[in-house]
Every structure is written in C-alpha cells, then in structure tokens.
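**Student:** Residues per chain, in single letters:
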Amino acid sequence: MTAHAILTLAWLLVALYMIFIYAPSDVNQGNVYRIMYVHVSSGWTAMIAYFLVFVGSVWYVWKRSPSADDMAYASAEVGFIFCSCLLITGPLWAKPIWGIWWTWDARLTLTFVLWLLFVAYLLVRSFFINPGRAALLSAVVGIIGFVDVPIDYMAIRWWRTQHPQPVIMGGPNSGLPPSMEATLFISAGAFLCLFFYLLRQGLRLAEARREIGQLRRQLSE
Amino acid sequence: MADPNNKFLFIAYSLVWIVFMLYAWVLARRQSKLKRDLEELKSKTMLKDTPPPHGS
Amino acid sequence: MMRSLEIIWVLFLKDLRLEWRRRETIASICVFGILVVFLLDFAFAPAGEESLRLMPGVLWIAFAFAGILGFNHSFAAERENACLEGLRLAPIDPGLIYLAKLLANFLFLAVAEAAIVFAASLWYNFSFLPAFKWFVVIVAFGTLGYVAVGVMFGAVASNTRMREVMLPVLQFPVIVPIFIGAIEATTSALKGDAPGQFASWVRLLIAFSVIFVVLSFLLFEYVLEE
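So the sequence lines, in the order shown, correspond to chains V, A and C. Just so we're aligned, residue 1 is where the first sequence starts under the working numbering, counting upward by one. Just so we're aligned, residue 1001 is where the second sequence starts under the working numbering, counting upward by one. Just so we're aligned, residue 2001 is where the third sequence starts under the working numbering, counting upward by one.
One chain only, chain V, in its complex shape:
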C-alpha cells in the first residue's frame, strides 16, 4: 500500500506540474480552462468506478463472494467522490466561459443522472433494515443502474438534438494541442491511480469489518 501511496503522490505532483506549468494558456479561455484537466479526469474515473460497481454487483449476484460486494461498495463510495468533483468543477468552469452555472445539455444531464445513480446505490445500502440483505439488493440496484446508463445516454442525446442548446460546447478533445493532450492523459492517469488507491483502502476496511464481525460472533458463542 505504501508503494501505491508514493506512486499516487508522485503521479499527482507530475500532473500538477504539467497542468500549471507545462500546459500553455488557452487562446480563448486563458487560464481558467485548466479546470478541464481535473474535470475530465474526474469524469473518466467516475465512469470507470460505476462500471466496477456493475462488475462487482454481477459477480456478487452470481458467486455471492463477499469480496465482490466489497468491491462494488468501495467503488460506489469512491466513485461518488469523483463524480461529486465532476459536478463541482463543471459549473465553476461553465460560469466564466459560458456565463451560466448550469444548463440541461446532454453531457451535464447525463453527469447528473450518473451522480444520482451513485447516491441511490449508497443510500439504499445505508438504509437497510437487515444488513445481511444489503449486499444482494444493492447489487440489484447496481445492475439496473448500469443497464440504464447507455439508454440514458441515447435518450438524452436525442432530446438535446431536438432542442437547440443554449451554448455550443466544443468537447474538450476537439482538437487539443499535443501538450494539452499529454497533460490530460497524465492527469487522468494520476486520478485513476488515486481512485485505485482509495479503492484498495476501502477493501481493506471492509475486510477488517468482516474480521471484527467474525470475532464478535465467536465471542457470543
């Protein structure tokens, strides 16, 4: 774990350097565009996180392995953090550039839906009357949510092509100069590294919790 921590820290520092020193200012947006590196990196990480929630959920429903449930839950929690960062950085980038904090364009709407899916998974989990069933039922929620994502994507896109958007946003990857592209990939990598580090921490905690549960049961025998 320490090695992973050091790797993560180093990678983040490199990314930080590239974001603020290496990457040039944008012709149109000046400096504020640098939010993009954190924004897009969070976005990709959040999506991967939700995919892992799905994988963990399916694996749990199939094999009933506690590690599967641990992975699903940990991914949901860390993914929620990254998705929240996505939603925080988005408006902060939008306001200076578009003049508005929020708009229901395709991408933002989808982001919000993804965030709600994370919230749904975590809330259902925390409100279970019988914690023994929490794993199975939240796995069901995770699976249904994931199947929903591509359908949401299609529906929301169709919807937004029907209605002219208030602002046309050229995607962050529409012709990025190589130095920015490199910075973006390094940043995304750093965030993913951080994600997996936090995920592993979550897995360790889950294992410790189970060990405690076992000891408690032994004691009461």
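One should not assume that every hint holds.
Computed spacing ranges between beta-carbons, pair by pair [what the hints assert, rightly or not]:
no. : chain 1 : residue 1 : chain 2 : residue 2 : range
1   : C       : Ser2200   : V       : Ala182    : 49 to 57 Å
2   : A       : Leu1022   : C       : Glu2221   : 37 to 45 Å
3   : C       : Phe2044   : A       : Met1021   : 40 to 48 Å
4   : C       : Ala2194   : V       : Asn130    : 31 to 39 Å
5   : V       : Tyr22     : A       : Arg1030   : 47 to 55 Å
6   : C       : Glu2221   : V       : Glu211    : 27 to 35 Å
7   : V       : Arg157    : A       : Arg1030   : 38 to 46 Å
8   : V       : Asn130    : C       : Gly2086   : 12 to 20 Å
9   : C       : Leu2016   : V       : Gly189    : 43 to 51 Å
10  : C       : Leu2129   : V       : Met154    : 29 to 37 Å
11  : V       : Gly189    : C       : Ala2114   : 50 to 58 Å
12  : A       : Leu1038   : C       : Phe2044   : 38 to 46 Å
Per the computed footprint, the stretches of chain C lying under chain V, defined by three or more beta-carbons under 8 Å from a beta-carbon of chain V, are [to be verified]:
no. : segment
13  : 2119–2130
14  : 2165–2179
These aren't lab readings, by the way, just hints derived from the structure by calculation. Quick caveat, the model's predicted, so the values are computed rather than measured. Even glycine gets a Cβ: it sits at the ideal position worked out from N, Cα and C.
With chain V fixed as given, assemble chains A and C onto it according to the hints.
**Tutor:** Same frame as chain V, but now just chains A and C:
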C-alpha cells in the same frame, strides 16, 4: 496577467483538494475505530480462551 | 408456459381482489394525480395556446407522482401481512410474482391516468380527441416502462427504512429516458405532428419497457430471496 477568471480556477482546485482531504480524514477515522474494535475483541477472545487461574 | 400464465393470472386477480375490497390504492392515486393537475393549473394558469405547451409536462408529472404512491402502497400491504413470505415459499418462479404485480400496478395507474386526463381536459379546456389513438399508445408504453421500474424498486425499497422516500430516489435516475421519451412523444402527438415525427420516441419507450421488464423479471428472485 490578472485574469479575472483565475478565481474560478483557484476555487475549483481548492474544492477538489478539500473534498479529497475530507474523504481521507473520514477513511482515517474509520480505520482507527476499526483498529480499536479489533484490539478490544482480540483481547476479549484471549481472555475467553485462557481461563483465569483458580484460587491459589 | 400455460402454467406460468395461469400463475400470473391468479396472483394478478389476488391483487385486484384485495384492491376491490378496500379500494385504497386506486382511490388515493386518482385523487393525488388530480390534485397535482389542479395545483399546476393554479400555478401556471395557462391560457389557450399555453395549455398545449404545458399539457405533456403536467400530465407526466401527475402520472409520476400517482405512480409513486401506488408502488409504495403495493408493497406496504404485502409487508404488513407477511404475504411476501408466503409468496416466497410458494414453488413458483419469483419472476412471475413480479409480472403479476406489474400487471396489477399497470391497471391501477391506467385508471388513475384516465381520471387525470379527464380532469386535465376539463380544467385546461384541452381536447385530447384529435390525436387520441397515438396519445393512448404513447401513454401505454410510457406507463409500462415506468411501472416496470416502479414495481421493481418498490420491492427493493420496501426492505429499507424510509421506504417512501427511497423509492423515488432509486427510481429517479433510471426513469429519465422514459420521461424524456414520453414527454417528447406526447408533445409531438398533441401538437398534431405526423406519427413519423415521434416514432423514434415511441420506439425508445417500447425498447425501454422491454429491457426493464425482462431485466426485472430476471432479478426479482434476488429481491425476494431471504
């Protein structure tokens, strides 16, 4: 150079930083609580396994 | 296959019979739906052309809230009398229980929707007759998709505390495509557009319904599992 939008850049990075620091703190607290519980349970289990010596 | 259909029919009739005795669910969701229509009428006080623009939104909001009430009721009753345990022990495919609940809730919501549409046409001075055939098709498939998700998550939520709140929280992100599709299609149909205009939305509604009915059918046994 004093781009008025810089404050958005600053706020964005600060908030992300704060969010992760908060989460790290939450994780650390959970970990220390679990550690305490584990120690407590381990000592209780040991007490159970090694019966107390009878009166001398 | 025939046996499965029989089982679904029996369970469906059971829910209908229960409902017929106390008529709680249908009455309350009709009243609630009409109340929503009424409040929105007051809030927006639409005049003439505005009615057309607002109607799809008003209708689907009313349908949505009526639905939530209905789904919560549906499983609350089962919990109270430990009926779910009984069903679980029966040697039947759990998915069939889901389908029966789906049919029952679809029927209840359909009745409420009829009441809502009637109230809306009255208070907003709006006639649904010109596009009636397509309107019914759109509402039918939109409702089917919505109920498919609602019954599934109603069952999940009934295992949690704060289940009345948990259901909408769970549902909300998942039903986004249904509501986008339904409102777009309804708007188009009511405006008098040719069916070609909203055909793709209807296809979305059908696809969504099929996917989620099948998915829920497969996963329902895990929701019931002890």
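**Student:** Each of the hints needs a verdict: does it hold here or not?
**Tutor:** Here's how the hints hold up against the structure:
1. Ser2200/C - Ala182/V: 49 to 57 Å: Between Ser2200/C and Ala182/V, where Cβ atoms are some 40 Å apart, the hint is violated.
2. Leu1022/A - Glu2221/C: 37 to 45 Å: At roughly 40 Å between Cβ atoms, Glu2221/C and Leu1022/A fall inside 37 to 45 Å, so the hint holds.
3. Phe2044/C - Met1021/A: 40 to 48 Å: holds (46 Å)
4. Ala2194/C - Asn130/V: 31 to 39 Å: Roughly 53 Å apart at Cβ, these two residues miss the hinted range, so it is violated.
5. Tyr22/V - Arg1030/A: 47 to 55 Å: Violated, since Tyr22/V and Arg1030/A (Cβ atoms, about 37 Å apart) do not stay within the stated range.
6. Glu2221/C - Glu211/V: 27 to 35 Å: This hint holds: roughly 31 Å between Cβ atoms.
7. Arg157/V - Arg1030/A: 38 to 46 Å: About 40 Å separates the Cβ atoms of Arg157/V and Arg1030/A, which means 38 to 46 Å holds.
8. Asn130/V - Gly2086/C: 12 to 20 Å: holds (19 Å)
9. Leu2016/C - Gly189/V: 43 to 51 Å: violated (58 Å)
10. Leu2129/C - Met154/V: 29 to 37 Å: The hint (29 to 37 Å, Cβ to Cβ) holds, given that Leu2129/C and Met154/V are roughly 32 Å apart.
11. Gly189/V - Ala2114/C: 50 to 58 Å: holds (56 Å)
12. Leu1038/A - Phe2044/C: 38 to 46 Å: violated (60 Å)
13. 2119–2130: Our answer is that it is violated, as 0 residues pass the Cβ test (under 8 Å) against chain V, missing three.
14. 2165–2179: holds (count 8)
This entry does not satisfy hints 1, 4, 5, 9, 12 and 13, going by the numbered hints stated previously.
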